[in-house]
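Chains as they are written, first to last, in our numbering: chain H, 793 to 1164; chain F, 793 to 1164; chain C, 793 to 1164.
Keep in mind the hints are simulated off the structure, nothing from the lab.
Check before you lean on any hint, since a few could be wrong.
Copies of the same chain are indistinguishable here, so a pair counts whether it falls within one copy or spans any two.
[What the hints assert, rightly or not] Derived pair list, reagent style DSS-like, types lysine-lysine, alpha-carbon separation capped at 30 Å: (1) 869 - 923; (2) 1006 - 809; (3) 1006 - 869; (4) 923 - 961; (5) 809 - 869; (6) 961 - 809; (7) 923 - 809; (8) 961 - 869; (9) 961 - 1006.
For clarity, every value in this text was computed on a predicted model and none was experimentally measured.
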Amino acid sequence: MKPRAPLPLTAFTLPAKYYTDPGLHQREVDLFFRRMWVCVGRFQELPERGSFIARHLAGDSLFIVRTSAPGEPESVKAFHNLCRHRGTQLCRDDHGHFNGSIQCEYHAWTYDLDGRLIGAPHMEGSPHFRKEDYPLLSARAGVWEGFVYVCLDESGPTLEQQLADLPLKFRPWHMGDLRRGDGVTYDIAANWKLVIQNFSECLHCPNLHPALNKLSHYMSGENEPLRPTYMGGRMDLNEGVATMSMDGTCPRAMLPGLSAADQRRVYYYALFPNLLISAHPDYVMTHTLYPMGHDRTRLVCEWHFHPEELARPGFTLADVREFWDMTNRQDWHVCELAQRGISSSAYRPGPYSSREDLLYAFDRFIVAALGD
Amino acid sequence: MKPRAPLPLTAFTLPAKYYTDPGLHQREVDLFFRRMWVCVGRFQELPERGSFIARHLAGDSLFIVRTSAPGEPESVKAFHNLCRHRGTQLCRDDHGHFNGSIQCEYHAWTYDLDGRLIGAPHMEGSPHFRKEDYPLLSARAGVWEGFVYVCLDESGPTLEQQLADLPLKFRPWHMGDLRRGDGVTYDIAANWKLVIQNFSECLHCPNLHPALNKLSHYMSGENEPLRPTYMGGRMDLNEGVATMSMDGTCPRAMLPGLSAADQRRVYYYALFPNLLISAHPDYVMTHTLYPMGHDRTRLVCEWHFHPEELARPGFTLADVREFWDMTNRQDWHVCELAQRGISSSAYRPGPYSSREDLLYAFDRFIVAALGD
Amino acid sequence: MKPRAPLPLTAFTLPAKYYTDPGLHQREVDLFFRRMWVCVGRFQELPERGSFIARHLAGDSLFIVRTSAPGEPESVKAFHNLCRHRGTQLCRDDHGHFNGSIQCEYHAWTYDLDGRLIGAPHMEGSPHFRKEDYPLLSARAGVWEGFVYVCLDESGPTLEQQLADLPLKFRPWHMGDLRRGDGVTYDIAANWKLVIQNFSECLHCPNLHPALNKLSHYMSGENEPLRPTYMGGRMDLNEGVATMSMDGTCPRAMLPGLSAADQRRVYYYALFPNLLISAHPDYVMTHTLYPMGHDRTRLVCEWHFHPEELARPGFTLADVREFWDMTNRQDWHVCELAQRGISSSAYRPGPYSSREDLLYAFDRFIVAALGD
């Protein structure tokens, strides 16, 4: 273990307004959730051409439709969930299937899967009306290693630019091949940044997560410096521990292709703005965050396994789910206590320790992006 | 069927703010629900002198009390629901009966049915206090064909002026004689104007209301041009259809006095700001709207029949109720989808077809009244 | 009974904004609940050194911890409920016990019962960090006759100064010796001032509280003039009535040391901003108010008895609890009706009678304190 460099004297937590001011939160949403690429699900949720998922993002409703048939290269399109006629929402459910076209329930305006308007009853009486002027309003969409991303900003960096060297870094886990085994959705009464900060230090582990601390020591491992679009590091599994699970044993095979070193580590990475990846030797856990207000965050936690393991008779993930659901709840509990304490008129920023270096760097990133 | 004139090139739906801005909504409430006469119920809800109904209107609570005995000419008074002493609400329930006077529960200040203060315990110690200075605060009230109206604006047009030629137009149905058979209250997560717009076109009928479209073809009938205080039109019953009901048959007698032509039609009129009348050959359906916010509307739907039919052994309205409750729910569903879609940051006004001429006219009326 | 002096011609109730404007309410909270001493409970709720109660006050969370052992002079400390490290709330429950120190769940920062930081893991890596710079944030705290008070303003008058001559006035009841027999918490949809006004006149008693009026005549007794920090008066028990209870009999001994005159009276005092004391011959009732918004008040009503009576076999308080719970509910009901009526756009101030002299004085106190 290397000792970490001391933080500057000014390494204090953020002022309260970054957690309590709805106007500032809206600016964050605009900056981080409207201009950046945001993870909204997994490609496996779209089994066929015409399958869709609908998501609330930054106050808007969008749906993402698969435009490629099985066997073809992965292809998705994202559209704003409203008809160009009178604004009616097109998808009521959060997932489903379009049979070749997308029809509005209200007046039957109809679009193809590429968003082109192909039917508009009774508009022929309007001589200047042209269908090509009223396609569905689209957003950018893409897929990386099975993660479906959308971007509400039509200009700006590409998904590849935002991901930078992450594809290389995570190649050994072949996450695109993995399949979701299970998931839990949590509603957390805390600001989204508190969840990312909680994820980004293990100083709290001895006190809050005694079970976790027995599997992987909080002083083990090493962090990367903060990168422009992500931050993270790794921790080591204790001797005799095979993976993060209730008892540290692992009833599953290691993921194929991992080095011996990576089989002894867990990598925890926060991909800004909303995807947290925890890459274990035998599975990948993801947390996908959706801010619902300055003091509320919806979080989808999912565990992804190799399809051969999932298909193996006797496969189980109960050990993983039980361990992480317990740990998650401990984390959300303190995130909520922090949200409440920071909301007090008496709150003032407190000092970070050198084990919280990523949090301080993340705070600087937020403040700089907001131009404060 | 006459082809309709094409709409102007600028015939687009309203900008989002007309559905999403609470401040603009408050201006609409002030203009349309505080200055205009508003329908708040039926005179039959007031069976005796002293009977009252209480209503929330434009943020205020009012009660309407019947001041005429049975057999006398219809007479009602409307009062703000608060005592002149310390502001205490006088009516807790939404209907009831005053035994000759109205007494505040708190300190027993007492008013007669005309609103005059007739008792104020211990005020005799205040030498300048005069009971005549503290009557109940009144609103204008009136009755037309059994509909009880109130107006929060003490000046402005009379009820007769607002109704214009509607009394003549609706005379054949003798609505004042009809009696409520049943009713349903709906809470709709949509702006009040979306409900009126939905009511004012049948372009959506083939797709959304297949059962309705079998009874009355959406291209049948004709609209009047928009009038200063109402708009509407008529549709024809299909051949072999007797009325709007589940199967198109009619187990009731036609309303007395209707012409042969009117026995083959349904008249749909929106009386601004909040009464929608659907006059059928054998009954009248009403929708009374109460905006509860920019995105919420409470709606009372009622079916009114001839008292001789209501009294007839074997009378049923189940066919009517079932048909319209189904149709209502289809309508509120798309109104709610429209409210949600219009609330998206991506929404932009869409083009109206010539079958939506009344909606475009209604929108112009709203915009002009707001002075935008 | 002396006739009361007539009130000035301008003795009208307050304008609506004092009950309906959230901004004005915030100013009241700042003036009356942040600058004044506020009652937050009874010392008996803290049985041991280390016992704590947590309270929400003026938007903040505080906890009060007992720092004296049994037998030692009463001593309490009040702290803001948040850790100096990352702002995490320290107490989750509204009462409990600290075993000698106060530890944050998140990163184990630890404080002694005087609020000194005594443990801060891994901060040794920060060379300029000094534990003495990060004590818990304290508020002033004190105890009078068993009532625990806190004050969020570090300067300003002492508790003794705020209480003025009340300790002398209430000495005969020895309230510090009394113990809570029972209590009820009410959530009232009304402004806190309406509750104090309701408490401060009995003009409403004949109409609203017929049972109470049989025990103690609403015209009996006498009020003191309003004092800078309290107001109140007394009422006489009717002949044959022993105390305020369901039937006016008293199955308990009188409080020791009361004069014969005080055994025939009930004293009703409102100690600004939030403690209402009703001193009966055999028990003391308290109402402790917590404003939760401009139109919501949480109120804790408790009945306090002499410990010898409480310990006596066959002791009962059912008669007291039943009588006052019934009376309380009648009062909160009209407070809520007043809140709703005053919220009407039609409300205008009404005239006070000479039996409402304390209310008028209280209103002037509020207006003057706000500088309006």
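Taking the hints in turn, this is what the structure says about them:
| no. | hint | verdict |
| --- | --- | --- |
| 1 | 869 - 923 | within (20 Å within a copy, 55 Å between copies) |
| 2 | 1006 - 809 | neither (37 Å within a copy, 56 Å between copies) |
| 3 | 1006 - 869 | neither (45 Å within a copy, 38 Å between copies) |
| 4 | 923 - 961 | neither (46 Å within a copy, 41 Å between copies) |
| 5 | 809 - 869 | between (37 Å within a copy, 28 Å between copies) |
| 6 | 961 - 809 | neither (35 Å within a copy, 46 Å between copies) |
| 7 | 923 - 809 | between (47 Å within a copy, 26 Å between copies) |
| 8 | 961 - 869 | within (27 Å within a copy, 53 Å between copies) |
| 9 | 961 - 1006 | within (27 Å within a copy, 62 Å between copies) |
Going down the numbered hints, you'll see the structure goes against 2, 3, 4 and 6, while the others check out.
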